[in-house]
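**Q** Residues per chain are reported as follows:
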Amino acid sequence: MPEQWIKPYGDTLNDGLVQLSFTLPVENGPRAIKAARIYAGKLNLKNVTVACAEAMDDAHTFFVAYGRAEPAIDYSEIRAEEATVEHMDFYEINDRIRKDLNRRICVVGATIGSDAHTVGIDAIMNMKGYNQDYGLERYPEIDAYNMGAQVTGEDLLKTAMDINADALLVSQTVTQKDAHLHNFTELMELLEAEQLRDRFLVIAGGPRITHELAIELGYDAGFGPGTLPSQVAAYIVTTLIKRRIMLNAKC
Amino acid sequence: MPEQWIKPYGDTLNDGLVQLSFTLPVENGPRAIKAARIYAGKLNLKNVTVACAEAMDDAHTFFVAYGRAEPAIDYSEIRAEEATVEHMDFYEINDRIRKDLNRRICVVGATIGSDAHTVGIDAIMNMKGYNQDYGLERYPEIDAYNMGAQVTGEDLLKTAMDINADALLVSQTVTQKDAHLHNFTELMELLEAEQLRDRFLVIAGGPRITHELAIELGYDAGFGPGTLPSQVAAYIVTTLIKRRIMLNAKC
Amino acid sequence: MEKIPLNKEQIGRVKSTAADIAGQIREMIRTYSTVCVERTLLRLYGVDGVVDDETPVPNRVVDILVEENRIDSGVTRALAAVMIKTGRDAKTVAELIARRRIPLEDPASYDMERIMAVEQELARKAVDVLDHSRKRKQAAIDRWGLPVQPWKYMITATGNIYEDRTQARSAVYSGADIIAVIRSTAQSLLDYIPYGPTTEGFGGTYATQENFRIMRKALNEVSERQGRYVRLVNYASGLCMSEIAACAAFEDLDMLLNDSMYGILFRDINMMRTFIDQYVSRLICSRAKIIINTGEDNYLTTSDAMENAYSVTASQLINEAMAKDALLTDDLIGLGHAFEINPKIENAFLYEIAHAQLARQLFPNAPLKYMPPTKYKSTNIFYSHALDTMFNLASITTNQGIHLAGILTEAIHTPLMQDRYLSLQGIDYVFGLARGLGDEIAFKPDGLIVNRAKRVLDETEQLLDELKDIGLMEGVALGKFANIKRSRDGGKGLDGVFKKGPNYSNPVMDRIEREGVINA
Amino acid sequence: MEKIPLNKEQIGRVKSTAADIAGQIREMIRTYSTVCVERTLLRLYGVDGVVDDETPVPNRVVDILVEENRIDSGVTRALAAVMIKTGRDAKTVAELIARRRIPLEDPASYDMERIMAVEQELARKAVDVLDHSRKRKQAAIDRWGLPVQPWKYMITATGNIYEDRTQARSAVYSGADIIAVIRSTAQSLLDYIPYGPTTEGFGGTYATQENFRIMRKALNEVSERQGRYVRLVNYASGLCMSEIAACAAFEDLDMLLNDSMYGILFRDINMMRTFIDQYVSRLICSRAKIIINTGEDNYLTTSDAMENAYSVTASQLINEAMAKDALLTDDLIGLGHAFEINPKIENAFLYEIAHAQLARQLFPNAPLKYMPPTKYKSTNIFYSHALDTMFNLASITTNQGIHLAGILTEAIHTPLMQDRYLSLQGIDYVFGLARGLGDEIAFKPDGLIVNRAKRVLDETEQLLDELKDIGLMEGVALGKFANIKRSRDGGKGLDGVFKKGPNYSNPVMDRIEREGVINA
Ligand code: B12
Ligand code: B12
Ligand SMILES: Cc1ncc(COP(=O)(O)O)c(C=O)c1O
Ligand SMILES: Cc1ncc(COP(=O)(O)O)c(C=O)c1O
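Protein chains in written order, with the working numbering: chain A, 1 to 251; chain B, 1 to 251; chain C, 1 to 520; chain D, 1 to 520.
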């Protein structure tokens with residue numbers, strides 16, 4: 001196998017070992033175990049060991065299996081989109097705003113839909129910040145409005161207009177049945193319907209968000225787990241500088 | 001999907017949810033995560049979530065992923081071979097030996113090859129037994145010889161001849177690099193070379209043994225994890241009764 | 001066994017301060033009622049069903065009362081009047097009103113004695129519902145006894161009540177003592193109870209009376225099969241707090257998440273509204289012997305467990321006092337707390353033990369509800385399973401009452417069947433392995449554990465003293481709990497609060513209050 | 001901190017009884033030597049390499065000595081004679097002998113003074129090897145300090161030394177303090193040390209000097225990168241016990257599994273043979289400051305931890321005495337024990353704590369080697385991870401020395417890289433969470449823990465008293481350890497034991513014994 005092709009690694013290069021656990025809706029026993037082995041085989045695994053089979057009731061069995069995955073992928077062909085963020089700290093960011101934008105920045109954040117999770121958006125916006133990294137409210141050159149949770153798209157938009165925001169920060173945590181996709185899309189449609197899409201930087205965030213997904217949804221950028229406020233601030237500042245001519249929103 | 005077709009079960013019938021963990025030999029980061037997602041996709045999973053990616057060093061990343069497996073299998077077509085064992089207890093077994101065989105049974109057990117694991121074979125043979133089920137040594141109608149571990153095929157065979165055994169009980173625990181298959185096969189070849197294959201019941205056991213595997217290897221039966229001594233005894237007795245005419249080994 | 005030497009007088013002081021704080025709320029409650037309370041009465045009188053395919057009859061009837069500006073006298077007498085007029089039962093009458101087939105009547109134009117007789121009859125029936133439920137639960141205890149504590153509490157949250165049922169059965173098979181059907185997200189904001197069985201939900205399954213029934217029936221069956229009674233839980237908090245309590249009584253639920261503080265802080269529900277609804281819902285729980293669970297654990301998902309532990313304790317004390325005001329006895333007060341200290345903090349386990357043990361000693365007879373780690377759960381399910389293992393140990397060591405099962409996929413998705421199974425397996429493992437540990441060890445006097453507990457109690461006392469001065473509502477407005485600020489006049493549902501008029505009557509509440517705690 | 005109030009006099013008694021038992025073995029050792037000991041000397045004199053593609057030169061030379069019936073005088077003087085004759089160094093001479101290019105000489109036909117001079121020079125070089133290793137290890141400690149205990153000990157077992165290296169690097173990255181390269185199965189039965197780097201093994205990787213070197217080099221590199229010294233372990237027990245100790249000293253290994261009891265019981269190695277080899281290997285360890293690890297933990301994989309805990313303690317006491325006989329100081333005696341009580345036993349954790357704490361108090365200065373659960377590990381990796389979590393807690397609470405990482409796939413396969421990672425992550429989690437727990441709690445006097453520890457000590461004393469009468473060898477023959485019976489004359493390797501003749505000489509042993517414990 002050429003070097004750039006990769007497979008899972010157990011204890012020998014390219015052994016392909018993966019661990020699997022799953023439930024089959026059948027009663028435990030030799031037949032169930034055989035079914036589990038056959039099933040795992042259908043997932044492109046060879047040498048499947050059904051190590052563990054335990055009854056969860058009389059019609060459901062839990063399995064732990066190991067097997068050697070057959071596919072290999074060419075790692076050199078994989079490229080992941082990331083919000084291009086220059087690494088800057090609190091001081092550098094404020095400096096850059098003063099020097100290169102020469103005005104204060106204004107952002108508004110909210111958790112939209114019926115989602116009540118605020119810890120994520122708070123981590124980015126509140127004074128206190130996250131992981132020893134100050135939140136946007138603390139930046140002297142940024143005016144940050146945190147609307148909290150359960151905010152409708154309409155309310156968010158209204159506030160953004162009222163305060164003449166540069167950027168909308170939108171958070172979504174509940175992803176069951178793709179609730180987050182639904183809410184993100186609805187907001188984007190609203191922006192477009194109101195012909196306000198280009199007026200703001202629109203940034204998505206939450207535990208299941210990647211930059212790629214955000215782009216797909218029509219957002220400017222997306223930030224996932226572990227994001228630090230300074231990363232978001234740096235992204236906003238550098239993007240606004242780039243778009244300077246196009247944008248003339250003011251607080 | 002017809003009812004007898006099954007898929008893994010997460011929280012909704014046929015949702016196909018499986019949990020996966022594996023390592024890729026690449027540095028953690030968005031590109032690694034994307035590779036993991038693509039890789040899981042190659043295992044016939046849809047809607048893959050790479051929930052967790054953690055660096056194990058600068059060239060290896062650990063992933064936990066969930067995805068919806070696409071294949072379905074027809075459970076009605078799956079049949080698993082099992083050593084057909086009548087459920088009998090200690091008393092019934094001894095009774096049956098007295099009444100139906102009318103002589104004592106003689107068995108010899110060993111862990112062969114360089115395998116030093118004796119706990120499994122001891123569980124079947126020692127007085128004390130396993131899980132509140134007496135071991136073969138305790139059966140008044142069975143003469144049980146436990147040769148322990150690291151026994152060569154030759155020694156086992158010699159002892160079996162010397163004591164005129166009805167059954168050989170062969171244990172194997174170390175399975176790395178298929179050591180067990182190798183040892184089981186070697187013993188079987190030896191028996192065949194000596195034209196003694198039909199003289200004994202030859203029974204395989206160990207944590208990775210299934211009846212099916214044992215049959216494939218040319219053994220009469222195979223017993224895996226959790227086997228109780230009484231199951232083995234019951235199997236031996238009923239099989240000997242069936243083969244009564246063919247066999248006339250005596251202790 | 002006083003493992004931590006707490007100051008008895010101080011405990012007396014904080015309990016009495018908390019009672020004072022609750023008393024202030026109780027004052028407010030005396031003068032107000034809510035649309036929810038009136039709908040609750042209708043339900044207890046037997047009113048049920050929907051009109052126009054989705055509006056519950058109780059809602060429509062109360063809406064009409066509001067429309068007609070007669071809500072301040074309450075629904076009961078108006079209903080009684082129509083009953084007298086039509087000679088039909090409450091359910092039929094309410095339906096007819098809801099369909100606008102007949103108008104509401106002004107009770108003033110009826111003979112007061114007849115009205116009151118009907119009213120008493122309605123109240124009797126209503127209280128019968130509660131008594132009946134209490135007795136059925138008592139019968140289960142008589143037959144099967146109570147499980148040993150900590151009780152293993154397991155959630156289902158598929159969104160589909162029939163899948164929930166499948167998951168619940170499996171959980172019981174794996175040892176769960178209690179099944180909680182988690183509610184679809186934001187149901188607390190609905191000002192009505194959805195109707196009938198439901199198969200779609202988000203992060204949970206709608207709380208409907210039919211869903212309660214389906215699950216209770218399934219659990220009754222597995223109870224029979226397993227030879228032990230399996231308890232059922234749902235969520236009352238929100239805009240239908242007392243109504244859900246009524247439905248729960250109808251369907252013999254054993255526990256309810258029941259805490260207005262949760263609604264105020266996390267759902268932005270108006271505080272007056274929910275304090276009133278809570279009081280009535282708790283009266284119902286008291287009479288029907290439904291254990292309430294409070295939501296202090298949630299505070300620590302938002303604010304820090306080391307910094308704000310005292311706010312949990314203070315809230316527990318206030319919640320206890322409010323529960324006792326509503327006739328709940330110790331055995332029915334499942335005060336909540338949680339294992340939520342940042343695991344990166346050195347000796348976090350010792351502080352967790354201190355918190356859990358403090359709660360245990362402050363409320364020795366309450367079935368404390370202990371929440372597993374959630375905030376610091378990782379998407380690394382193996383790591384998260386280790387967190388739960390330590391949580392299980394803290395629980396058995398400090399002898400908690402209601403043990404919420406920690407789930408290894410907490411940071412990923414609502415639990416799969418196998419996640420549940422692994423959780424229960426882990427609990428059994430640790431509970432068996434260390435059942436006697438709490439009895440076996442003593443804490444170093446002046447050590448980390450003892451000092452931490454004392455410190456939290458001191459901070460609690462400070463907060464309570466402050467709250468006694470400014471009042472609970474002002475305290476909430478100042479962000480004293482979970483760092484979240486809510487104003488007295490803000491939040492959802494305030495428009496459903498009304499001042500009781502001179503003719504206001506609520507015979508069910510009167511009766512329950514009058515008859516006090518009943519234990520048979 | 002005496003957490004369990006043990007009887008000091010009783011401790012004195014069992015220690016002295018154990019010393020007596022060890023003394024009997026020491027008597028035997030004085031009169032015998034083994035082929036392995038002679039090969040060890042050759043290695044320390046610088047002899048290495050193989051002939052005929054696979055037979056190590058030390059083996060061939062000693063075989064020739066045996067063939068010629070001159071083994072009873074030992075190899076040293078015979079070698080010295082040829083060196084004098086040829087004027088060449090030990091390595092060259094040995095190779096020539098091995099290739100049968102030159103014959104061995106009878107030292108008697110040489111000037112005794114010259115022989116002894118060469119012999120002393122050889123011994124000096126040999127001991128230099130050990131001193132050199134000791135100093136390098138001391139330098140690492142001086143530079144980087146010692147890690148806090150319990151030390152995180154992680155195994156690699158791929159069979160391929162280069163993969164082991166990859167795995168080891170990752171383990172160190174994840175926090176391992178110690179890397180143990182598990183040996184290929186049954187290497188203990190090989191009466192020679194394989195040669196060169198190896199890439200095939202079963203359940204482990206062959207112990208060869210080159211493999212030691214490869215791994216030590218890799219660990220030196222990561223030590224530099226991580227700014228902490230990572231220790232390396234391998235296995236000495238078996239038919240090459242002292243030879244492997246010599247190789248380990250050459251390559252600066254820090255620890256060796258070194259226990260003749262393991263070989264006797266689990267590998268059916270002859271007891272005389274291995275007691276002698278063990279003594280010499282331990283002298284080497286003492287001088288080169290290699291920590292030994294003993295194998296009492298293994299007993300409990302075969303016999304029951306509740307029934308036979310005392311056999312572990314008795315064996316530890318004997319092993320300690322045997323170690324001290326071989327000049328090992330407390331800090332080098334890593335006595336083994338294990339967390340192997342059936343988790344189905346109610347309060348198993350309390351008994352585990354009792355056992356671990358007893359060991360801690362009996363050997364307060366030894367870096368106790370604590371083995372994770374293995375026997376009761378399940379193929380359910382989540383359940384097994386919970387077992388390890390509790391094990392981690394027992395270890396940190398009782399302050400063990402060398403913490404063998406429990407692996408969630410123990411019941412399935414030798415660990416994958418990710419299994420290791422998860423294990424270390426789990427250890428860090430628990431150690432941080434509960435670092436102070438041991439200091440914080442006291443055990444109830446007369447409780448389960450205290451009584452269990454006392455009982456085990458009583459039973460230990462009984463067994464030791466019995467062994468003192470019948471002797472250790474007879475005790476083993478009677479199945480007193482791990483329920484396995486081995487006779488004095490049975491087992492592998494007895495033919496390699498010989499009685500020292502009147503001209504026997506072992507200048508290395510003599511010198512180490514004479515110079516005693518050296519600490520610089
Ligand atoms: C805390 C919590 C709660 C609290 C919320 C309190 C509050 N004030 O927010 C309470 C108790 C109220 C709660 C309630 C519920 N919760 Co909740 N909750 C959690 C929990 C434990 C932690 C979430 C959290 O705070 N993470 C910490 C923050 C810092 O991380 P984060 O959100 O990922 O944020 C980071 C990044 O994503 C990013 N980011 C996030 N937003 C944004 C926005 C922008 C613009 C940018 C740039 C970046 C960014 O930056 C942040 C810092 O790095 C998770 C489980 C878990 N451990 O993850 C469940 C969880 C999220 N909850 C869940 C559910 C289902 C609910 C309920 C619906 C349950 C119910 N039926 O009652 C309710 C209802 C809530 C609702 N309607 O939304 C599920 C969601 C399942 C799913 N995948 O859909 C989870 C995963 C638990 C589970 N396994 O079931 N919950
Ligand atoms: C105990 C043990 C040991 C003890 C053995 C003591 C003894 N007297 O047997 C000691 C410490 C000596 C040991 C050593 C080694 N072990 Co070991 N050991 C284990 C351990 C912890 C438990 C095995 C056990 O006793 N199970 C309990 C018995 C009752 O179960 P069982 O064997 O499955 O038996 C049941 C059935 O299978 C069946 N059965 C078994 N045999 C037979 C025969 C017949 C005829 C029938 C009918 C039924 C039957 O009935 C039994 C009762 O139900 C396992 C890990 C684990 N938890 O499984 C590792 C394990 C088996 N060992 C392992 C290894 C690698 C080794 C070593 C090679 C390590 C090394 N390099 O040093 C050494 C060398 C041993 C050797 N050459 O064989 C690996 C094997 C990996 C693999 N899959 O190949 C394991 C899985 C650990 C691991 N994860 O690395 N080991
Ligand atoms: C006391 C209490 N009530 C209610 C809920 C759930 O409320 P909702 O339906 O708003 O999600 C919770 C959630 O933890 C709670 O703790
Ligand atoms: C003390 C001791 N020595 C050696 C070994 C390994 O020996 P072998 O190489 O025979 O597998 C062990 C295994 O646990 C041990 O505990």
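Hints in this document: simulated from the structure, not taken from any laboratory. Backbone N, C-alpha and C fix where the C-beta goes; we use that ideal spot for every residue, glycine too. Please note: incorrect hints may appear among the correct ones.
To be verified - Taking CB as the label site, the calculated pair distances span:
| id | chain 1 | residue 1 | chain 2 | residue 2 | range |
| --- | --- | --- | --- | --- | --- |
| 1 | D | D53 | B | E192 | 30 to 40 Å |
| 2 | D | D330 | C | Q10 | 43 to 53 Å |
| 3 | C | M306 | D | I345 | 31 to 41 Å |
| 4 | D | Q226 | A | G148 | 26 to 36 Å |
| 5 | A | M127 | D | K135 | 49 to 59 Å |
| 6 | B | V119 | D | S109 | 49 to 59 Å |
| 7 | A | K128 | C | Q10 | 30 to 40 Å |
| 8 | A | K128 | C | N365 | 33 to 43 Å |
| 9 | D | N451 | B | T84 | 46 to 56 Å |
Said to hold, decoys possible - Reference excerpt, derived from the structure (chain B facing chain C, CB under 8 Å, subset only):
| id | residue |
| --- | --- |
| 10 | Y9 |
| 11 | D11 |
| 12 | V48 |
| 13 | A51 |
| 14 | C52 |
| 15 | V64 |
| 16 | Y66 |
| 17 | S76 |
| 18 | A80 |
| 19 | E82 |
**Q** For each hint, tell me whether it holds in the structure or not.
**A** Here is how each hint holds up against the structure:
no., hint, verdict
1, D/D53 <-> B/E192: 30 to 40 Å, "holds, 33 Å"
2, D/D330 <-> C/Q10: 43 to 53 Å, "holds, 48 Å"
3, C/M306 <-> D/I345: 31 to 41 Å, "holds, 36 Å"
4, D/Q226 <-> A/G148: 26 to 36 Å, "violated, 44 Å"
5, A/M127 <-> D/K135: 49 to 59 Å, "holds, 55 Å"
6, B/V119 <-> D/S109: 49 to 59 Å, "holds, 56 Å"
7, A/K128 <-> C/Q10: 30 to 40 Å, "holds, 31 Å"
8, A/K128 <-> C/N365: 33 to 43 Å, "holds, 38 Å"
9, D/N451 <-> B/T84: 46 to 56 Å, "holds, 50 Å"
10, Y9, "holds, 6 Å"
11, D11, "holds, 4 Å"
12, V48, "violated, 13 Å"
13, A51, "holds, 4 Å"
14, C52, "holds, 4 Å"
15, V64, "holds, 6 Å"
16, Y66, "holds, 7 Å"
17, S76, "violated, 21 Å"
18, A80, "violated, 22 Å"
19, E82, "violated, 24 Å"
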